[in-house]
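Enquirer: Here are the chains, one letter per residue:
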Amino acid sequence: MKLSSMKDFHFPAAKDYPFSHAIFSFGTLMDSNAYAVYLASKILNKSTKKYTKPYQLNRYFYQLAGLELDMLVVKWGDRLLLNVEFTLFNQAVNERKRFKLYELTKEMLFEGQYWGGLYPPLYFEEEKVNHQKEIEMMLNNPIDWHFQLFMEKMFSNDPFRFSLLGTKEQVQNCTNREVGKIHKEFLEKSQRIPLLYGVFSDKEIAFFQDLADKGREPTFLHHVSPAPTVPVTYEEETHYQQTWVFLGYRHDIHQNHRLYPALHVYNQILGKLPASILYTRLREKSGLCYNIGSSLPFGKEVLFVIAGITYQDKDIFLREMEKALLSFSDLDKKQTFLRLAKNRILSNVQEWQDYPLSRLSFELEIAIKKASYTYQSYIQAIEEVTWEEVEEITQHIWLDTIYICKGSQKE
Amino acid sequence: MIQFPFTIEREQIHDLPVTWVFSRQFVTNSMMITVNAGSLYESNDFLPKAEEGIFHFLEHQVFTLHSGKDVMEMMNAYASNTNALTSREKTCFYAHFVRPDVEILRILLRLVFETKDFSKDRVEKEKKIILNEMLGIMDDPLFASFELWNKLVYQNYPAWRLPIGTVRSVNQITPEKLKIAHELFYHPKQSDLIVMTNHPKSFWLPAFDILSTIVQDQEFQPKKLAIPQDPDIRSGKILRHSTIHFPIPYFMTGWKPLNQVFSYRDGIIGEMISQILFGITTKFQDALYATSLIDDSFSLDWDWDKRFGCWYMAGFSYHPEKVIDAAEKEMKRRHKIGIRKNEFALHQQYTLANNYREAYHPKEIIFQLQTLHRFGIQGWDEYYQLIQSITWEEINENLSRFMPESQFIAAILLPDSDSA
Numbered sequence: 001m002k003l004s005s006m007k008d009f010h011f012p013a014a015k016d017y018p019f020s021h022a023i024f025s026f027g028t029l030m031d032s033n034a035y036a037v038y039l040a041s042k043i044l045n046k047s048t049k050k051y052t053k054p055y056q057l058n059r060y061f062y063q064l065a066g067l068e069l070d071m072l073v074v075k076w077g078d079r080l081l082l083n084v085e086f087t088l089f090n091q092a093v094n095e096r097k098r099f100k101l102y103e104l105t106k107e108m109l110f111e112g113q114y115w116g117g118l119y120p121p122l123y124f125e126e127e128k129v130n131h132q133k134e135i136e137m138m139l140n141n142p143i144d145w146h147f148q149l150f151m152e153k154m155f156s157n158d159p160f161r162f163s164l165l166g167t168k169e170q171v172q173n174c175t176n177r178e179v180g181k182i183h184k185e186f187l188e189k190s191q192r193i194p195l196l197y198g199v200f201s202d203k204e205i206a207f208f209q210d211l212a213d214k215g216r217e218p219t220f221l222h223h224v225s226p227a228p229t230v231p232v233t234y235e236e237e238t239h240y241q242q243t244w245v246f247l248g249y250r251h252d253i254h255q256n257h258r259l260y261p262a263l264h265v266y267n268q269i270l271g272k273l274p275a276s277i278l279y280t281r282l283r284e285k286s287g288l289c290y291n292i293g294s295s296l297p298f299g300k301e302v303l304f305v306i307a308g309i310t311y312q313d314k315d316i317f318l319r320e321m322e323k324a325l326l327s328f329s330d331l332d333k334k335q336t337f338l339r340l341a342k343n344r345i346l347s348n349v350q351e352w353q354d355y356p357l358s359r360l361s362f363e364l365e366i367a368i369k370k371a372s373y374t375y376q377s378y379i380q381a382i383e384e385v386t387w388e389e390v391e392e393i394t395q396h397i398w399l400d401t402i403y404i405c406k407g408s409q410k411e
Numbered sequence: 001m002i003q004f005p006f007t008i009e010r011e012q013i014h015d016l017p018v019t020w021v022f023s024r025q026f027v028t029n030s031m032m033i034t035v036n037a038g039s040l041y042e043s044n045d046f047l048p049k050a051e052e053g054i055f056h057f058l059e060h061q062v063f064t065l066h067s068g069k070d071v072m073e074m075m076n077a078y079a080s081n082t083n084a085l086t087s088r089e090k091t092c093f094y095a096h097f098v099r100p101d102v103e104i105l106r107i108l109l110r111l112v113f114e115t116k117d118f119s120k121d122r123v124e125k126e127k128k129i130i131l132n133e134m135l136g137i138m139d140d141p142l143f144a145s146f147e148l149w150n151k152l153v154y155q156n157y158p159a160w161r162l163p164i165g166t167v168r169s170v171n172q173i174t175p176e177k178l179k180i181a182h183e184l185f186y187h188p189k190q191s192d193l194i195v196m197t198n199h200p201k202s203f204w205l206p207a208f209d210i211l212s213t214i215v216q217d218q219e220f221q222p223k224k225l226a227i228p229q230d231p232d233i234r235s236g237k238i239l240r241h242s243t244i245h246f247p248i249p250y251f252m253t254g255w256k257p258l259n260q261v262f263s264y265r266d267g268i269i270g271e272m273i274s275q276i277l278f279g280i281t282t283k284f285q286d287a288l289y290a291t292s293l294i295d296d297s298f299s300l301d302w303d304w305d306k307r308f309g310c311w312y313m314a315g316f317s318y319h320p321e322k323v324i325d326a327a328e329k330e331m332k333r334r335h336k337i338g339i340r341k342n343e344f345a346l347h348q349q350y351t352l353a354n355n356y357r358e359a360y361h362p363k364e365i366i367f368q369l370q371t372l373h374r375f376g377i378q379g380w381d382e383y384y385q386l387i388q389s390i391t392w393e394e395i396n397e398n399l400s401r402f403m404p405e406s407q408f409i410a411a412i413l414l415p416d417s418d419s420a
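Protein chains in written order, with the working numbering: chain V, 1 to 411; chain L, 1 to 420.
Just so you know, the hints here were simulated from the structure itself, not pulled from any lab data.
None of the hints are false.
Quick list of simulated restraints, FRET-style, between CB atoms:
#, chain 1, residue 1, chain 2, residue 2, range
1, L, N354, V, K214, 33 to 41 Å
2, V, T229, L, D140, 34 to 42 Å
3, L, Q216, V, Y234, 50 to 58 Å
As the structure is a prediction and not an experimental result, all values here were calculated from the model.
Positions of the beta carbon are idealized from the N, C-alpha and C atoms, including for glycine.
Just chain V, with the same shape it has in the complex (with noise of 0.2 Å):
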């Protein structure tokens, strides 16, 4: 996919700021082999033709001292991402030796000592073994599995619901031509996103729009949220001291909604707020929890609330929970509350200034998500929220399911 200009990829640094920033994403829809790209990546890391073994590579890494390469994969709601991550020291790098990491980085991601349709056997077994302890600790970590099953039951049909690590079944029946496969063919289907920060040449420019110009068209699904109905619950007893609850909530609101704005606002008020809702009333009114908050996952019509509580709490927590979300019309000081979440959106915005990766992170959100809004128009739509808006936004919220992690609570 050809992009038409680099302009809308690069975007000039702060005065006086030394560094430069570059993420290159790979991107295209979660599905079941995204375990074969994260494990893929992992091998990638360990080597190239000329530094065959890891601790030869990182010592290479540590004397480009004023260049810092890092490549992860993740997985931003639906979408499977890898992203390759450049920070360069202006004065310390002249541009031959920022060319030298591009080529290493393009090495590593295509050829990657990959010869024969193969990785280097030692690598590939060490990271099949490496991914399988990864999943056992998250099997082992009530958090994370207890939501990647609340995933699978709230999305059984969505994309959405596909772990990044995959099953140890998964990883342990994969072979390495499997593996080298599938990750090629992610690498050659991947919408390919370039996004620049500060100073680069027009041959680096000419680089990175090159690498772009390859890329795919995206994929998208779009999933119809379904009408609302009465939330369904599941119950797991678990060996773990805490009861964990997590709510799925659906709503209809996507990026290019005239109430898309209003509904980050929304969600500051309800759980991000240091003084939110979910904080006052669950926690400092009622002392049911010690955790408590609310997230809009990238790119899908949900927010979840996830809360540690005692198992004994439940009933009241739930009725706390709905009364906390039908509260909006009758809170006190509702411009204060909007004020202070505009503010809180709109400060976070500003200090990307100073973390300029956050702020190419929110251009590859634009980016891939095909958003109409800017960065600039984002910012201005944000400050013309109303409060109408944001109680609108509870006619467009319903509870979809209820999952809950019954904790032994031993004292």
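Mind docking chain L on chain V? Use the hints.
Expert: For chain L alone, coordinates are given in the frame of chain V:
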């Protein structure tokens, strides 16, 4: 000549040591009040009828002012991200914001130093919240392992005492005990303030007037943590076995350096030695990965302060005893051959580059500067120069101090009967 994006000034205002960090570069402003009060002070030497976890509890409770107003709500009005933490030596209250307002500093000063009343109802409600916090921590299989490790490493020094306390001790906390703890510790003479800002000092100075009204005790005597030096009485490897609530065994192995008194220079040397010998640029780590003895859970940590310190590697492994053997062998090998000049040069260069990058993280700088100040390091350039001044010879001279064979310690935690 490396230039950092801020300048530093120090002074005392109403008995409160203040560090000003001025920067036009940053949009984010940060401030932090550090009270020298943490779990290591929870003993009868400092606090009558001390309960474990009382300073952590106090950290939660002070967020309600004497007037009944909630500090989080007040800070919220300025879009300030406000939080606190309690560690072994200190309790920190900090705020990050992009719209400076003198009221933010005023609220922070009131939060910490204003007289408090602790109501029975609020204390009882807080117990429930903290017990909930504990449940989450207790579900972490590594919680007990760190406690075991610290008890193994330190004999006279209660570094193992965790700030959250125990269920029993938290239930024993009363409003009266909280009030005593607050009066005995939450005072400008027991604290310090860092303000990192893109506004001039004159903007913030009016906030300090509040101290003359809220600070009552002019005769306050600061409490200094006097830690008996942990003697180096052991001689030889110690290996302890225990259990973990997890299906994969866990290992911890490392060293307690000789002479448990550390300057900041010592701290940097200790960090460098651990990374040069066992970090990601070593054949040691490669070999353990290649034989699947370690995985991405592997960590290398240097846990230290002025009067205690140890460093160790830890992780999940199906063959923990082999990892420990490998660490021991590497220790002996390195005592024979030392650290090579190119290994040291690589790490020094990398550390310097990191140091420069860290200087551009406005939210994190205040924590590092507070630590530097505690160790008498005046500014970031002095910190940078300190790293630059360390020599290869010095690193090798310190090898036997930081990795003494007589203080080699290991713990293997096997899955308990519920997990196996």
